[in-house]
Amino acid sequence: MPTTTENNQPIWMRRTPARQYAIWFMWFLGVMLFLLCFKVVSDNTIWEFLTDAHVQAASLIGRMVPPDWSITGSLMLPLWDTINIATVGTALGVFIAFPLAFLAARNTTPHPALRAFALSVIVSSRSINALIWAILLVTMIGPGLLAGMIAIALRSIGFVGKLLYEAIEEIQPTPVEAITSTGAGRMQVLAFSVLPQIMPAFAGITVYRWDINIRESTTLGLVGAGGIGLQMNAAINNLAWAQVATVFVLIFGTVIVSEWVSAKVRHAVI
Amino acid sequence: MSASNAQVDLARVAAAKGGNWRPLPLISNRNLRWGLNLAVLIYIVLVYYSVDINWARVAQGMDRAINFVSSFFTPDFVTRGGEIAVGLRESLTMTFVATVIGIALAIPVGLGAARNIAPRPVYFFCRTIIALSRTFQEIIIAILFVAMFGFGPLAGVFTLAFATIGFMAKLLAEDIEDAQNEPLEAIRATGAGWLQWINYAVQPQVMPRLIGLSLYRLDINFRESAVIGIVGAGGIGATLNTSINRYDYDTSAAVLLTIIGIVLMSEYLSGYVRKWTA
Amino acid sequence: MLELKGLAKRYATGDLALDNVDLIVPAGQVLALIGPSGAGKSTLIRCVNRLVEPTSGTIKLDGDDITKVRGNRLRQARRQIGMIFQNYALVERLSVMENVLSGRLAYVGFWRSYFRKFPQSDIAQAFKILERVGLETMIDKRGDALSGGQKQRVGIARALMQNPKLLLVDEPTASLDPKTSRQIMRLICELCAEQNLATIINIHDVALAQQFVHRVVGLRAGAIVYDGPPEGLTPEILTTIYGEEDWTTTHKDNDEEDKPDNKGVEAALLGGHP
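Protein chains in written order, with the numbering used here: chain A, 1 to 270; chain B, 1 to 278; chain C, 1 to 274.
Derived from the structure by calculation, the hints contain no laboratory data.
Small disclaimer: the values here were computed from a predicted structure and weren't measured.
It cannot be assumed that every hint is accurate.
[To be verified] If the Cβ cut is set under 8 angstroms, some of the chain B residues that face chain C in the computed set are:
1) 65
2) 183
3) 186
4) 189
5) 190
6) 191
7) 193
8) 195
9) 199
Glycine included, every Cβ here is placed at the ideal spot set by N, Cα and C.
Given these sequences and hints, build the entire structure.
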């Protein structure tokens with residue numbers, strides 16, 4: 001469209017002028033919104049704190065290096081707890097998410113009302129961070145690993161449920177038709193046509209979430225839900241930054257290993 | 001290995017002919033299969049003994065759990081309405097500022113972390129930034145930044161921006177590595193400069209996904225902004241934390257419902273934008 | 001005029017892809033490079049515009065040594081060398097016009113290209129070339145909305161926008177049907193004649209090559225084993241290039257393959273644009 005001729009010369013523009021102005025205007029609005037938001041942030045910031053931020057940062061890093069390796073041994077049990085929180089939490093979450101995904105998928109749901117219910121459970125679970133679940137659970141059932149595991153499970157339901165129901169909605173319909181046409185029952189159709197198609201995705205999603213849960217479970221101790229975060233919290237409260245640094249290094253190592261494991265397994269199943 | 005597999009198959013075929021067919025096991029190697037089963041069993045036993053559950057305390061908490069669940073039907077937006085509004089405004093503004101800054105910084109890092117367009121040293125440098133940013137949860141970063149910059153939303157903005165860099169740069173780099181190679185070669189062959197090359201060959205290929213991911217990250221940052229307030233980095237998290245600690249579950253429910261509502265809205269919005277930029 | 005002297009390329013894997021190649025291509029000559037897969041055809045033309053770095057030897061374009069140039073001077077050299085690709089290599093999400101104008105990138109600064117504010121003369125040239133390849137009504141179509149033949153025409157237009165002295169063409173017809181293949185080959189050869197370009201065409205289809213080019217170079221295991229007119233490709237020569245095979249039936253087979261499309265081919269051969 002944007003071609004015209006002027007003095008026998010063809011003119012080309014990428015967009016019509018109206019569209020180009022609209023785009024500039026959108027950019028203008030975006031920049032204005034950014035500045036406005038920045039002003040709100042800035043009004044609530046005590047900028048005086050920032051004048052010595054580099055001093056604070058330097059002293060913080062100075063106190064973290066070198067890490068206090070002497071506590072490494074005493075961190076092994078909390079680390080084991082952290083991994084358990086992630087693993088059991090993932091297993092629990094997946095256990096609930098699996099049937100939920102079938103209720104939420106458009107092509108397998110028994111009833112639209114059930115679908116709406118399943119979707120709202122999924123979105124609620126997804127919207128709320130594991131740490132918030134942990135705070136809630138700690139006030140309810142007391143501090144400890146169990147609160148952490150349930151918190152991780154509650155957060156995982158939404159994640160696994162969403163990715164899984166999307167996978168179910170993307171399956172090929174022909175095998176479903178074929179199995180249905182043999183006269184199979186509802187559950188048999190699911191088992192013989194849907195399940196085989198989503199199994200690799202299911203395994204991949206589970207391991208992926210487990211990897212994320214390892215990261216998340218490292219912080220649950222900050223609110224009393226067990227694991228290595230408890231030690232981190234204690235060290236931070238005592239301003240023992242060298243010990244905090246040790247915890248950081250351990251977390252870093254664990255996360256790298258779990259990411260490697262997760263990548264390997266996902267590679268194997270897909 | 002393959003010979004033994006063939007033998008097993010023959011045995012299976014013979015058994016099946018005899019009317020004794022069994023479905024194929026998921027893992028064909030028998031030792032590995034049993035080894036894994038055993039390992040899982042041992043793990044469950046170990047976990048059972050290392051988790052110490054105080055069932056009396058759990059039973060005691062059930063009242064509160066029921067209170068909490070029922071409060072979702074009677075959320076109280078009013079009593080602490082002022083605090084919720086202030087916290088929400090702070091969360092939303094922090095989220096937007098941090099996402100914009102984070103993406104602006106993530107783009108160069110992402111370009112540097114793409115194996116097919118970055119020189120080796122730059123690649124390793126950018127991958128290190130990504131690994132650091134992705135390993136540590138927002139809350140940990142927030143603790144550090146609060147210690148450095150003091151309480152308030154600025155620490156929150158830095159936290160979310162830092163987390164955004166790792167997330168966006170990693171996915172952007174993967175997308176660039178998956179880009180079609182021929183157009184990259186073709187634009188290079190025209191004698192284009194490096195920036196022109198990025199603008200003409202790389203940008204068109206990754207732009208739709210970049211926009212989709214940015215919206216997704218905006219959503220994540222909003223959810224995270226509800227958490228980092230707990231350690232003093234601004235946002236609605238402080239309000240939420242206080243209400244939970246006071247067992248004021250009606251207010252907690254109001255805050256949580258607000259968060260859920262905003263996440264839902266952003267999901268619809270990003271669905272539209274994605275269709276629009278495809 | 002392109003002069004290659006002692007050109008060799010050994011990949012990091014140790015494979016010797018090019019072995020001491022000497023080649024002179026004068027302006028206006030269309031040269032077909034044939035040879036089995038893995039003979040080094042693709043490496044050879046990629047060495048010329050330095051998408052692949054040659055291990056040794058020299059490349060001279062109109063007397064300028066471009067073997068070792070870097071940075072700006074490399075881009076100056078590349079803009080004199082147009083390249084056409086097997087899979088068209090269009091940037092699919094850019095419009096036809098943007099794809100064509102990307103041939104001018106080395107002539108304009110970054111900001112001009114970023115805002116798509118190309119000089120008026122470039123726009124005029126783009127329209128002229130698009131008219132020549134028959135796509136002047138498609139300028140705002142996106143690359144992924146075109147058919148294979150149309151994409152390749154855009155690819156040709158992009159290469160010509162560079163005002164090249166030399167054209168490198170990598171398997172231009174490998175992804176096209178026989179009729180479109182002939183049209184594209186004819187178009188390339190006509191354009192080369194019009195603009196007096198030296199041209200190297202990598203091609204698998206020997207019969208198609210014989211139909212259009214002035215000179216054929218056969219490559220085997222990175223070395224030149226034949227250099228002469230297309231008529232000189234006897235079965236013996238083809239055996240040296242490709243290995244043992246019954247070469248006498250090549251032409252016949254090709255003709256039979258084309259049969260369902262014969263009318264179109266006839267029309268194309270007569271220069272009609274269906």
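Results for each hint:
At its closest, the beta carbon of residue 65 (chain B) sits 52 angstroms from a beta carbon of chain C; the interface hint therefore is violated under the 8 angstroms criterion. Satisfaction of the interface hint for residue 183 (chain B) is found here, the shortest Cβ-Cβ separation to chain C being roughly 5 angstroms, below the 8 angstroms cut-off. Because the beta carbon of residue 186 (chain B) sits about 4 angstroms from the nearest beta carbon in chain C, less than 8 angstroms, this interface hint is met. Given the 8 angstroms rule on beta carbons, the hint for residue 189 (chain B) holds: about 4 angstroms separates it from the nearest Cβ of chain C.
Because the closest C-beta pair between residue 190 (chain B) and chain C is about 5 angstroms apart, less than 8 angstroms, the hint holds. Proximity of residue 191 (chain B) to chain C holds as hinted, the smallest CB-CB distance being about 3 angstroms (cut-off 8 angstroms). Contact between residue 193 (chain B) and chain C, as hinted, is supported at the beta carbon level, the nearest pair being about 6 angstroms apart and thus within 8 angstroms. With a least beta-carbon distance of about 5 angstroms to chain C, the hint placing residue 195 (chain B) at the interface is held under the 8 angstroms criterion.
The interface hint given for residue 199 (chain B) holds, since its Cβ lies 6 angstroms from the closest Cβ of chain C, which is under the 8 angstroms cut-off.
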